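Asker: Protein chains in written order, with my numbering: chain A, 1 to 390; chain B, 391 to 697; chain C, 698 to 1026.
Simulated from the structure, these hints should not be mistaken for lab results.
Possibly wrong hints are sitting among the right ones.
As the list claims (entries may be wrong) - Short derived list, chain C residues pointing at chain B, Cβ under 7 Å:
| # | residue |
| --- | --- |
| 1 | I814 |
| 2 | S828 |
| 3 | G941 |
| 4 | A988 |
Unchecked claim - The following label-pair restraints were derived from C-beta to C-beta distances:
| # | chain 1 | residue 1 | chain 2 | residue 2 | range |
| --- | --- | --- | --- | --- | --- |
| 5 | B | G572 | C | P786 | 53 to 63 Å |
| 6 | C | L783 | B | V472 | 52 to 62 Å |
| 7 | B | V653 | C | R903 | 38 to 48 Å |
| 8 | A | S116 | B | A667 | 33 to 43 Å |
Given the structure is predicted, the values throughout are model-derived calculations rather than measurements.
Glycine included, each C-beta is placed from N, C-alpha and C at the ideal position.
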Amino acid sequence: MSKRILALATGLAASLALAATPVAAEKVKVGFITTLSGGAGIIGKPMKNAFELGMEHVGGRLGGLETEVIYGDDKRKPDVAKQLANKMIKKDRVDIIAGIIWSNLLVAIHGPVTRSNTFLISSNAGPSAVAGKKCSDNFFNVAFQNDMMPEGMGKYMTDKKIDNVYVMAPNYQAGKDMIKGFKRMFKGKIVGEVYTKLGQKDYQAEISALRAAKPSAVYVFLPGGMGINFVKQYAQAGLSSKIPLYSVYTVDALTLPALKDAAVGTFGVQHWSPDLGNTVSRRFVSTYREKYGKTPAFYAAQAYDTVMFLDAAIRKAGGVGDRAKLRAAMRTVAFPTTRGTFKFNNNHFPIQNIYLREAVNDGGNYVTKTRGVILSAHGDSYAKSCPMKW
Amino acid sequence: MDPLLLLEQAFNGLQFGIMLFLIAAGLTLVFGIMDMVNLAHGSLVMIGAYLATTLIAWTGSFLGGLALAIPATFAVGALVEVVALRTLYRRNHLDQVLATFGLILFFNEIVRIVWGPVSLYSGLPDYLMGHVEIFPDAPYPVFRLVIIAVGLSVAAALYLIVAHTRLGMLIRAGASNNEMVGALGVNIKSLFTFVFALGAVFAGLAGMMLGPLTSVEPGMGEPLLILAFVVIIIGGIGSIRGAFIAAIVVGLVDTVGRVMLPVLLRAFVDDAAADTAGPALASMLIYILMAGILVVRPQGLFPARTG
Amino acid sequence: MDRRQIWLSLATLALFAVVPPLTVIFDQPFYMDMVARIMVFAIAAVSLDLILGHGGMVSFGHAVYMGIGAYAVGILSYYGIDNGFLQIPLALAASALIGLIFGAMSLRTSGVYFIMITLAFAQMLYFLAISLEEFGGDDGMSSMRSEFAGLIDLNDAMHFYYLVFAVLAGVLFCLHRLVLSRFGMVIRASRTNERRMQAMGFPTYRYKLAAFTIAGTICGLAGALFANLNEFVSPDVMHWTHSGEIMIMVIMGGMGTLIGPVLGATAFLLLEEYLPQWMEMAMTDAGEHWAIIMGPILIAIVLFGRGGIHALLAASLGRNGNNGSKRDD
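Using the sequences and the accompanying hints, generate a full structural model.
Answerer: Here you go:
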């Protein structure tokens, strides 16, 4: 048995010694944190794929410099994400940490990473907590601010003069934000506002109450499995033909394969979709399909855009060593994205177009189609409370 | 609140309770007879749902798929019992909790590898898609009525088996003293395997009926598992009757509570506070109920084991 | 108590003590944080072992006390109170109070009912934490590190490390004394035969409640440290799978063996960290399916690993003397 301990000890010492090799000077190190294992791997895996695809498209070199990418699986746990980020900063000595799907994980690592003078680039999560007062000069978001989509939906439904809306979201921070964002732009009357349990499976009781309230439309935010459950049961209750359903982050490329006809005809809002006409997007979609055999969702597009953003910024700054120079480059650089070009707000969140999407059955293929621009060059509403000026 | 709506909500609660009963029935049998805590019972719900979804797609018929999925789930249950759980009966509850916790990890990952991480589509045939007006102006999905019917038939069948057959006698005897049953020359091993597989079928049946309602995905059984545990603890471990009553009570309290509480609270505090506290309290409600019952009756409402 | 058990404890603590200088020599500050995290979980596992290993109380909601400790620090920090001399005692008091209340109700039941009622209480607070919109709800909230009037600076990784180390050593010492005391004797005896203890005139309920409260309090301390480690608090820490994991750490290391849970926490967290990497080496993209190996490992430990890592190590230290890891259940 003592042999085993000895082997363990030597193994540990060896790995310590190995890891202690000094790092070469002009090299870019990027840590990409996403969720690979567990149920949420369905989002994280395509993001990793898209990031790899992006790296291929820039010849494996960000800004023309030798680049090493380290992938990490956060297991969707805040403390694991924190530990991973810490490891990437202190052990791997990365210059940039990118990825991050979940708002709560981003909130968990935001402070420690930005304080360590490492850049943090969110490829998805955009919670209000880091968009306003707590914005940071080392943090950039290349995806969206969470409130943008509900704001878009509120605007659209106001424009359409839809009144008497019933709204519903899970009872947690993002759920409240999605209702708040909706109300910010929606000027009509709200006849019911319901918060459901996070991860709820059966919505029959809510559907009964909803029908009794006789609204003229329903707006929901129920991401992932919750959305599948609700939309299916909504269709089964025979309501989809009677009361139109509008949603954000609920009917998308991930839930459509499980929803199929139950979701057809419902409206959603998004900042990107595979049918956008620009060249970057077309190339991304076709090469992604070729390589991975699937149509990418917006999560993947954002990961791809992250590569394009880093590539352009590092090229402009000429390296990653001078953080101030790199920051200046990140703020102003024009880079090709799957969403066309967009600029950053003073809080480092994108100012971008928001599109209306409808779920359709395209010859047995269930997809969402763009049905026009709702808001163009839309900036988030937290930017004004961010003290950063540049 | 409109009394008709309240009645409809009570009906929803009943349907949810029946679903919980299907899951809890197997759990309480295994608990009562083998004295075994099986956290992996929720995985059987998931396996039932996956098997049914796959077999429905394969046969092209809803009923045909279910007809194949039921024996398949029975087989999976028997296999799990023989390979993994049999050795755990003589262990203490702690060992059982941990080993079956390991089983959950294993099952979820197996499902993810075999069927992929994406939720499966599981629809309904047209003849189950309709509605019935149970109350005026309240069209109710036919499929949910089917669930109630299936659940009630299972409950009735179980009652007949337990109360009036030799197998039921063994089950009852096993629940109160399984060593004695073994000493009397009953092949206790195959009885255990059968009972476990039967429980798996009930859980799988719940999964099969959940498939068209909810998302079929890895880990779908765990939230239900904890509720099922609450049910059998309230009902008294090993008692089918207890599980049935407790399941209905939990279903009603959970459903009616989560609809009514925010409305009730609005009468006392301002809307924003009610919107926050209502759902919070509603999600805690059944745990409060369970804690309350256990404080008054530490053995649940209908304790089967009296010795 | 077995002498090997004490030697093993001292040796483990000595190993923990030399980690920071080693990480400085090799310029690998990350490992200092990693081991600090292991020690925080070790404190939680040791606290659970008091009631689980010695008292035979299978609490399936132990992570909730970690959550209370963490939220005590987080909420005070939210209101701008970063003074550790205030935060830590309040975290202890809060977890002790909740432990007392939950314990008082749970201990009326036994067996499976006890397992489930502790789980139910944990679920209750988990859902409560999710609904606390002011404190981030499901997303959790970031918190500042505790301040100790300039005496120790927790933002300095080494200060933090040795604080956690000192707490772990202190907790181990106190529990060691506690278990050997008359109190510990009653707790252990009522696990094997509660009726006899009652017949002998011991109010076992009160003794068990005291042990339950102490365990909750120590776990709350671990939670306070956990909040400082992560600079972040979220309901995730109270999730029932988290309670399961702490339990696994205890079993992996060896129940009722003082240092066992520490070894278990170390092994579990190292496995969680390195298993995906090893699998990734064996096969591309296999790492994301780490659970398929982790599950059977847990089952194997339960089925075959009687006495856990502690028994393995104790056996390798020599076969003379009575075997401290021998268990009577």
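Asker: What are the numbers of the hints the structure violates, in ascending order?
Answerer: As far as the earlier hints go, not one is violated by this structure.
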